[in-house]
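Asks: Sequence lines, in order, name chains A and B.
By our numbering, the letter at position 222 of the first sequence is numbered 311, and the numbering carries on one by one without gaps.
By our numbering, the letter at position 143 of the second sequence is numbered 129, and the numbering carries on one by one without gaps.
The reader is advised that the hints may include incorrect statements.
Among the chain A residues that face chain B by a calculated CB cut under 7 angstroms, a handful are [to be verified]:
no.	residue
1	L142
2	L174
3	F176
4	F188
Derived pair list, reagent style DMTMM-like, types lysine to aspartate or glutamate, alpha-carbon separation capped at 20 angstroms [what the hints assert, rightly or not]:
no.	chain 1	residue 1	chain 2	residue 2
5	A	K202	A	D189
6	A	K163	B	D105
7	A	K202	A	D164
8	A	K144	B	E(-6)
9	A	K170	A	E307
10	A	K105	A	E307
11	A	K144	B	D105
12	A	K144	A	D189
13	A	K105	A	D156
14	B	K238	B	D172
15	A	K105	B	E(-6)
16	A	K144	A	D164
17	A	K147	A	D178
18	A	K163	A	D189
19	A	K170	B	D172
20	A	K202	A	E212
21	A	K144	A	D156
22	A	K144	B	E4
23	A	K105	A	E93
24	A	K163	B	E4
25	A	K170	A	D111
The hints are simulated quantities; they were obtained by calculation from the structure and are not laboratory data.
All C-beta atoms in this analysis are idealised placements derived from N, C-alpha and C, irrespective of residue type, glycine included.
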Amino acid sequence: MGIEVVVEGLTKSFGKQNIWRDVSLTLPAGEVSVMLGPSGTGKTVFLKSLIGLLKPEKGRVLINGVDMVNSPEKDIYETRKLFGLMFQDGALFGSLSLFDNIAFPLREHTRKKESEIRRIVMERIEVVGLLGAEGKLPGEISGGMRKRAGLARALVLDPQIILCDEPDSGLDPVRTAYLSQLLIDLNAQIDATMLIVTHNLDIAATVPDNMGMLFRRELVTFGPREVLLTSEEPVVSQFLGGRREGPIGMSEEKDAATLAAEADRATPAAPRVIVPQLEPSPGLPPRRAVARRRERVMGMIETLPPAARSAIRETYARDAAAATVTAPVAGSGA
Amino acid sequence: MITGALRETGRLFALAAEVSRAVFRRPFQFREFTEQFWFVASVTILPAALVSIPFGAVIALQVGSLTQQLGAQSFTGGASILAVVQQASPLIVALLIAGAGGSAICADLGSRTIREELDAMEVMGVSPVQRLVVPRVLAAMGVAVLLNGLVSVVGILGGYFFNVVMQGGTPGAYLSSFSALAQLPDLYVSELKALVFGFIAGIVAAYRGLNPRGGPKGVGDAVNQSVVITFLLLFFVNMVMTAVYLQIVPPKGG
């Protein structure tokens, strides 16, 4: 089972520029979470802070009792072995072939025989659909392939926490849909805690159990997906609707005058529908996180906003009704 | 401005300390070390030999002309050889290690840093310092020590040739003054200097390579700065080491 990640009061600045402040959230063990946010709101910085690559000035990130911000370097290195991080552009080693890249963590951290390593690596290469390309150098393949190779490398040590930095950027919609399915299948297979940072609405609508959003140097909200999907918060509804009207401007935020002008000619937003979450592919075990999440969400349901409450009850009622029918696998965007 | 400079200096020393510690951490990256050693050696051997011949010659000619005016031609050999072994040779080595080897190390690490390869390595629980920087620094030090021997020999041969053939000195006087004035500690300090210079060149190159500012252009700037910073440090350290050596080791002729 995955590991819970607890973030408490995290604040990060570069020089005088504050990126975000006082971010607190808990990634529930084994569940899939998505962090949304317009470009440039520090989503990648947040990921790198979780894993201890960047050091926020304030706050803690607790994983198995180790604080990734302030603990001794030795403990942090040890804890990182629990992580798999998929970088935005793969971050593969340019001088190594794809095979050696994916085998790298195994060769560093395990004493497996070369034949064993070969078996595991080829398995992962097949999962991400790169069979036949294993001998190529990262410079010789497309960006999408580099991304998938980066994912394979992140998975090779069977991590308990998987972080994905914009898994969709540079991928076409079909490949993004496959990747979404792959992430859900992975979660069903290894039950790892996952955090996906993205601004892709399809992934946001179909993949996660929990969603959060960063905007204006703050965590707007974080909670079960229904909370964000039904939220009436202007930032959230503008972002999920992909509209120009709202507080998000071209350069991060708008001034009051522009907002007022917009309010005059505002057209009511189309009501958002909550598309069902993806299910693991047929033949895979059910996601163990689903039952845990249900228990957790039902336990806190009275504290949630009414819209989210009814959406959650509706979802679970529909699930119960469709329990015998095969659920549709691929979902389209919100 | 001043705090910025101090901070950079402090971080440079911190990296030096970290590297010194990581040298003893297992597993030692033998393969990376061999590759880097071979690489640094292959880019420095030929230029070092080519630079040391004229350098030895210049010293021989200059010292020869001076001693001739003083009526001490017979000591030309000893004087020029000491200058080559103690000063010229470690400096030539250092300039080449920094200019040819260090710049390549800096560019390599810099481009890996901006491609996030080093971040990826750290995320996988592998320390880039232990994995990449230590082998490079050790390679720079090892090549510097060996290259120093080569440059000394070639420089001395060049000086001998110019003194005997061009200035009409006698081979016997050249060699006997050599054994009269030179002693083994001269060679030791020369090798020690080469070792220290190799370390400095490796550390500075690695430091600038690990901290490029802003994209590909930053890597170019970092390479440039690493060479300049190394040169500044080398000449200063050379001065200190020479002064200390002259104080603590009694000259043979005296």
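Asks: Each hint: holds or not?
Replies: Hints, one by one, checked against the model:
no. : hint              : verdict
1   : L142              : holds (6 angstroms)
2   : L174              : holds (5 angstroms)
3   : F176              : holds (5 angstroms)
4   : F188              : violated (16 angstroms)
5   : A:K202 to A:D189  : holds (14 angstroms)
6   : A:K163 to B:D105  : holds (16 angstroms)
7   : A:K202 to A:D164  : violated (27 angstroms)
8   : A:K144 to B:E(-6) : holds (18 angstroms)
9   : A:K170 to A:E307  : violated (29 angstroms)
10  : A:K105 to A:E307  : holds (16 angstroms)
11  : A:K144 to B:D105  : holds (13 angstroms)
12  : A:K144 to A:D189  : violated (30 angstroms)
13  : A:K105 to A:D156  : violated (25 angstroms)
14  : B:K238 to B:D172  : holds (10 angstroms)
15  : A:K105 to B:E(-6) : holds (19 angstroms)
16  : A:K144 to A:D164  : holds (15 angstroms)
17  : A:K147 to A:D178  : violated (29 angstroms)
18  : A:K163 to A:D189  : violated (26 angstroms)
19  : A:K170 to B:D172  : violated (50 angstroms)
20  : A:K202 to A:E212  : holds (16 angstroms)
21  : A:K144 to A:D156  : holds (11 angstroms)
22  : A:K144 to B:E4    : holds (19 angstroms)
23  : A:K105 to A:E93   : violated (32 angstroms)
24  : A:K163 to B:E4    : holds (13 angstroms)
25  : A:K170 to A:D111  : violated (27 angstroms)
Violation of the numbered hints given earlier is confined to hints 4, 7, 9, 12, 13, 17, 18, 19, 23, 25; the remaining hints are satisfied by the structure.
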